[in-house]
Amino acid sequence: MTTDRTLVIAWLYGTKMNIYGDRGNVLAIAQRARWRGIGADVRDIGLGEPIPAHTDIFFFGGGQDQAQVAVSNDLAGAKGEAIREAVEDGAALLSVCGGYQLLGHEYRPHDAEPLAGIGLFDVDSQAGPERFIGNVVIDSDWGPLVGFENHSGLTFLGAGATPMGKVRVGRGNNGQDDTEGVVYKHAIGCYLHGSLLPKNPVLTDWLLAAALRRRYGDVPLTELVPLANGIEEAAHASAVERAFATR
1 MTTDRTLVIA
11 WLYGTKMNIY
21 GDRGNVLAIA
31 QRARWRGIGA
41 DVRDIGLGEP
51 IPAHTDIFFF
61 GGGQDQAQVA
71 VSNDLAGAKG
81 EAIREAVEDG
91 AALLSVCGGY
101 QLLGHEYRPH
111 DAEPLAGIGL
121 FDVDSQAGPE
131 RFIGNVVIDS
141 DWGPLVGFEN
151 HSGLTFLGAG
161 ATPMGKVRVG
171 RGNNGQDDTE
181 GVVYKHAIGC
191 YLHGSLLPKN
201 PVLTDWLLAA
211 ALRRRYGDVP
221 LTELVPLANG
231 IEEAAHASAV
241 ERAFATR
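For the sequence shown, the positions run 1 to 247 when this note's numbering is used.
Careful: at least some of the hints might be erroneous.
Calculated pairs, BS3-like style, for lysine-lysine (alpha carbon to alpha carbon, straight line, at most 25 Å) [claimed, not checked]:
1. K185 / K166
2. K166 / K79
3. K185 / K79
FRET-style restraints, in silico, Cβ to Cβ [to be verified]:
4. P129 / H54: 23 to 33 Å
5. R247 / H54: 42 to 52 Å
6. T3 / E241: 32 to 42 Å
7. G77 / L227: 36 to 46 Å
8. R247 / E49: 35 to 45 Å
9. G46 / P114: 17 to 27 Å
10. Q31 / P129: 34 to 44 Å
11. T162 / P109: 23 to 33 Å
12. R131 / S238: 20 to 30 Å
13. G128 / G21: 14 to 24 Å
To be clear, the hints were calculated from the coordinates, so they are not data collected in a lab.
Just so you know, these numbers come straight off a predicted model, no measurement behind them.
Here a beta-carbon is modelled for each residue, glycine too, at the ideal position from N, C-alpha and C.
Model the full structure from these sequences, guided by the hints.
Rendered as structure tokens:
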């Protein structure tokens with residue numbers, strides 16, 4: 001099956017912000033589109049490179065502290081504004097860990113100057129005293145979601161921010177308020193590695209439906225061509241079971 005539809009996927013800083021297997025999220029988005037006959041034009045957007053004018057889906061992964069400094073500087077000005085404008089217009093976005101932090105207001109390291117974010121999400125982040133490592137399960141509007149956290153950053157939501165979900169296993173945003181991630185329009189920020197999307201196909205399809213609806217105007221989630229999700233659902237169930245068994 002093929003269609004005349006194509007989605008542009010901007011992988012933000014793929015060579016610098018790509019730790020803990022986050023590349024799998026890009027592969028999952030592209031493959032679940034292609035299985036439905038929808039083209040997936042994946043573009044790696046590096047330092048100094050502009051955001052494509054017709055980006056449908058953004059992915060922004062995590063990176064080391066040194067990389068985050070360079071990326072924070074690169075996002076200042078027109079580049080960060082282009083991302084904000086696209087999301088306000090309905091583009092889909094998934095950000096994980098360091099990418100999540102840099103889409104908030106700022107990230108404050110232990111022993112360095114604060115890194116400015118672009119303010120897409122109403123969140124603030126800071127370096128914490130311990131590292132949160134392990135499986136995570138959250139309750140969310142998409143049902144149970146599962147991932148793997150590995151972060152020392154603490155993220156706190158503003159008064160009007162909507163969390164991605166409530167933590168059942170793991171530490172989440174900050175280990176204090178039982179929240180994980182944030183959702184704004186069709187943009188998500190979170191600490192869920194794993195990779196997240198291969199283990200949670202319902203979330204992948206939500207991003208795809210949002211992008212298709214914005215680009216083509218007639219694709220609610222219920223009208224996405226169904227896929228055989230047996231392997232994905234088995235992986236999801238196994239990951240959830242393992243998370244509860246090892247908490």
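Unmet hints by their number, sorted upward, for this structure: 2, 4
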